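Trainee: Which chain is which? The protein sequence lines are A and B, in order.
Take 0 as the starting number for the first sequence in numbering that gives the first Met the number 0 and just add one per residue.
Take 0 as the starting number for the second sequence in numbering that gives the first Met the number 0 and just add one per residue.
These aren't lab readings, by the way, just hints derived from the structure by calculation.
Since we're looking at a predicted model, the values are computed, not measured.
Be aware that one or more of the hints could be misleading.
Claimed, not checked - Calculated cross-link-like contacts (lysine-lysine; reagent style PhoX-like; alpha-carbon spacing at most 25 Å):
1) B:K260 - A:K166
2) A:K112 - A:K287
3) A:K287 - B:K260
As the list claims (entries may be wrong) - Derived coverage of chain A by chain B (criterion: at least 3 residues anywhere in the stretch with Cβ under 8 Å from a Cβ of chain B; other residues may be distant):
4) 144-156
5) 169-181
Stated by the list, open to error - Not close to chain A: a few residues of chain B, all C-beta gaps over 12 Å, as computed:
6) R71
7) P94
8) M97
9) E107
10) K176
11) A187
12) P191
13) T242
Using N, Cα and C, we set each Cβ at its ideal position, and we do this for glycine too.
2 protein chains.
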Amino acid sequence: MNADERRYDYCFHPRLSAFIGGLNSLEPYRSRGSRPGAPILEEVTQHEYDPGRPIGVFDSGVGGLTVLKALRQRLPHQDFLYLGDTARVPYGRKPREMVQEFASEVVEFLIGKGVQAVVIACNTASACALPELAERTPAPVWGVIEPGVEAACRMTRSGSVGVIGTKGTIASGAYQKRLEARGLKVWAQACPMFVHLVEEGLADSPEAELMARYYLGHRPQIDTLILGCTHYPVLHEVIQRVTGGSVSLVSSAEVTAEMVKQALMPAAANGAPGRITHYVTGDVLAYKHTAEAIGGVEGELIPLDVTTLAREQPEETPYRIV
Amino acid sequence: MNADERRYDYCFHPRLSAFIGGLNSLEPYRSRGSRPGAPILEEVTQHEYDPGRPIGVFDSGVGGLTVLKALRQRLPHQDFLYLGDTARVPYGRKPREMVQEFASEVVEFLIGKGVQAVVIACNTASACALPELAERTPAPVWGVIEPGVEAACRMTRSGSVGVIGTKGTIASGAYQKRLEARGLKVWAQACPMFVHLVEEGLADSPEAELMARYYLGHRPQIDTLILGCTHYPVLHEVIQRVTGGSVSLVSSAEVTAEMVKQALMPAAANGAPGRITHYVTGDVLAYKHTAEAIGGVEGELIPLDVTTLAREQPEETPYRIV
Numbered sequence: 000m001n002a003d004e005r006r007y008d009y010c011f012h013p014r015l016s017a018f019i020g021g022l023n024s025l026e027p028y029r030s031r032g033s034r035p036g037a038p039i040l041e042e043v044t045q046h047e048y049d050p051g052r053p054i055g056v057f058d059s060g061v062g063g064l065t066v067l068k069a070l071r072q073r074l075p076h077q078d079f080l081y082l083g084d085t086a087r088v089p090y091g092r093k094p095r096e097m098v099q100e101f102a103s104e105v106v107e108f109l110i111g112k113g114v115q116a117v118v119i120a121c122n123t124a125s126a127c128a129l130p131e132l133a134e135r136t137p138a139p140v141w142g143v144i145e146p147g148v149e150a151a152c153r154m155t156r157s158g159s160v161g162v163i164g165t166k167g168t169i170a171s172g173a174y175q176k177r178l179e180a181r182g183l184k185v186w187a188q189a190c191p192m193f194v195h196l197v198e199e200g201l202a203d204s205p206e207a208e209l210m211a212r213y214y215l216g217h218r219p220q221i222d223t224l225i226l227g228c229t230h231y232p233v234l235h236e237v238i239q240r241v242t243g244g245s246v247s248l249v250s251s252a253e254v255t256a257e258m259v260k261q262a263l264m265p266a267a268a269n270g271a272p273g274r275i276t277h278y279v280t281g282d283v284l285a286y287k288h289t290a291e292a293i294g295g296v297e298g299e300l301i302p303l304d305v306t307t308l309a310r311e312q313p314e315e316t317p318y319r320i321v
Numbered sequence: 000m001n002a003d004e005r006r007y008d009y010c011f012h013p014r015l016s017a018f019i020g021g022l023n024s025l026e027p028y029r030s031r032g033s034r035p036g037a038p039i040l041e042e043v044t045q046h047e048y049d050p051g052r053p054i055g056v057f058d059s060g061v062g063g064l065t066v067l068k069a070l071r072q073r074l075p076h077q078d079f080l081y082l083g084d085t086a087r088v089p090y091g092r093k094p095r096e097m098v099q100e101f102a103s104e105v106v107e108f109l110i111g112k113g114v115q116a117v118v119i120a121c122n123t124a125s126a127c128a129l130p131e132l133a134e135r136t137p138a139p140v141w142g143v144i145e146p147g148v149e150a151a152c153r154m155t156r157s158g159s160v161g162v163i164g165t166k167g168t169i170a171s172g173a174y175q176k177r178l179e180a181r182g183l184k185v186w187a188q189a190c191p192m193f194v195h196l197v198e199e200g201l202a203d204s205p206e207a208e209l210m211a212r213y214y215l216g217h218r219p220q221i222d223t224l225i226l227g228c229t230h231y232p233v234l235h236e237v238i239q240r241v242t243g244g245s246v247s248l249v250s251s252a253e254v255t256a257e258m259v260k261q262a263l264m265p266a267a268a269n270g271a272p273g274r275i276t277h278y279v280t281g282d283v284l285a286y287k288h289t290a291e292a293i294g295g296v297e298g299e300l301i302p303l304d305v306t307t308l309a310r311e312q313p314e315e316t317p318y319r320i321v
């Protein structure tokens, strides 16, 4: 398998596809109507699939492009709006409240653009901001954690599973709580250097091998490992080499995309390929460059001034740090 | 030494301070007047020290705060404008032409703000954009490479020195060419994961130890090592532990600040402490958070829309990626 093929291949294990079926039992979080303190959003009552309206996909950076790609493979005629919040990346080491605020701003922006549903393709934001965020959003909101948990529950035979992710995701306990509630034994490990290895183009390097052995070498006996960060599929080969063939890897990108497709159940369409629009809060050329480590971007790229998202940072009024 | 002390201590080796003296022989690059194709800038003819005008300091992110801090220690009454181009960070793995363009935009912005001199506190930008950039800038422009080279030349006894930096800095050969031109034997090593270790708050961690041993373990016999990236001083302890006591570390932050001070030769002032203003192209809160790994920020923080810098990315006109 060459480097390009590796980048585009996120369905790792023959056993995984057999377990993906039936994921439509997973409901998205749904709005329960507005509540005091919630942002004022246009009320959207129809949650059924509307081929004319885009689906919003959101990540702190380029990692969520793995989820967008998996969605595109399943919904090729669907329009997508992808928001990469690269001006504020990475979310993984930021305080929970800050991530909640960022996620709330971004979802509000996407709803304002008329999306029919939102996929939070960011484990940190899913861990920190769901389900509270979904409760005040008048459209279905999916995260990447529930699908990963569901897939792991279906795949494990021993009942002992692992999950790796950013510091923020692991510290939130979001995966661990859900897996333990399903009766599984869980080993969790933060791997803060993995995202950087991917974005540096070092997925296949001695550095990646050293870091993977450091993070995964002391794992207990598990038979399933959730890659709880959208960047990690790019490290699939080194992770599989270190964990050995007896551990099945679960890519949240693939299982989330499958779940969204089945939940929306669109009629088979034969129209034109869907349009992709990327809103980028950081520099657009830098975004395109970094995305090459993930598999590249296609579609329209639109710079988005982060100050139009951030409610707390008026552009006109500098403030003094205390 | 506790963690806070370590962050603020960038003058590593007792021998270094003895060699910093006399660095005023290092001239900044000076404008040779405008030339065809150069941006139209207000002509500034006076290069002597003017206590009423700020000095501009520029880095792709928070790393240059080590240089700002070293400058502040030497010029406590001086005003500084620091520009952290965090919307486009990191520069280290971007193409040379892209870095040249970014640096040019930023210097033009700072000149427009009335700075009397610019310190490019970014090794990648210094390597890629000097001296061409300085030639069309009507104010002194210093980089961090010449001072580091000068200090290493004065420190080495064996004539064999090393330099570590980002991929971009090392690939540019900027340090190697200058050191070899001075008759030294040079070993150069890119350490792309070092910046990430610092920004993840992992300067004192098993990951840092592993990476330092990987990058530095195979070095030849050298007696001096230039830390050719403004983040690396934060890794001083682990680098010194791995290289052993016989290798002297040169911090470009310290030697650059000393050189700027001596070149400007300001009269001893007893006025109020200088004011610091930070312009940040990425998210301001994220900048402040990341800067905590470097030692924190003080002064005023002003968000700066990166599209006002970037000439090639009109905000109104989305474009299609080909």
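Trainee: Can the segment 169-181 of chain A be counted as covered by chain B under the rule of three residues or more with Cβ-Cβ separation shorter than 8 Å?
Mentor: violated (count 0)
Trainee: Taking C-beta pairs only, is P191 (chain B) more than 12 Å away from all of chain A?
Mentor: Per Cβ check, P191 (chain B) is inside 12 Å of chain A; nearest 5 Å; violated.
Trainee: Would you check chain B against the segment 144-156 of chain A, counting CB to CB pairs closer than 8 Å, and say if three or more residues qualify?
Mentor: It is violated, with 0 qualifying residues against the three required.
Trainee: Taking 12 Å as the cut and beta carbons as the points, is R71 (chain B) off the interface with chain A?
Mentor: holds, 15 Å
Trainee: Does E107 (chain B) really sit off the interface, with its C-beta more than 12 Å from all C-beta atoms of chain A?
Mentor: Correct as stated: the minimum Cβ-Cβ distance to chain A is 16 Å, above 12 Å.
Trainee: Are the Cα positions of K287 (chain A) and K260 (chain B) separated by 25 Å at most?
Mentor: violated, 40 Å
Trainee: Is the nearest Cβ of chain A still more than 12 Å from the Cβ of T242 (chain B)?
Mentor: Consistent with the label, T242 (chain B) stays out of reach of chain A, its closest Cβ about 18 Å off (over 12 Å).
Trainee: Is it true that the CA of K260 (chain B) sits at most 25 Å from the CA of K166 (chain A)?
Mentor: violated, 41 Å
Trainee: In terms of Cβ atoms, is chain A entirely out of 12 Å range of A187 (chain B)?
Mentor: Check passes; 17 Å lies beyond 12 Å.
Trainee: Regarding the assertion that K176 (chain B) does not contact chain A, is the least Cβ-Cβ distance greater than 12 Å?
Mentor: Its Cβ never comes within 12 Å of chain A, the nearest being 25 Å, so this holds.
Trainee: Is it the case that P94 (chain B) keeps its Cβ farther than 12 Å from each residue Cβ in chain A?
Mentor: Given a closest Cβ separation of 8 Å, the condition is violated.
Trainee: Quick one: work out the minimum CB distance from M97 (chain B) to chain A and report holds if it exceeds 12 Å, violated otherwise.
Mentor: About 6 Å separates M97 (chain B) from the closest Cβ of chain A, which leaves it inside 12 Å; violated.
Of the numbered hints given earlier, the model fails hints 1, 3, 4, 5, 7, 8, 12; all others are met.
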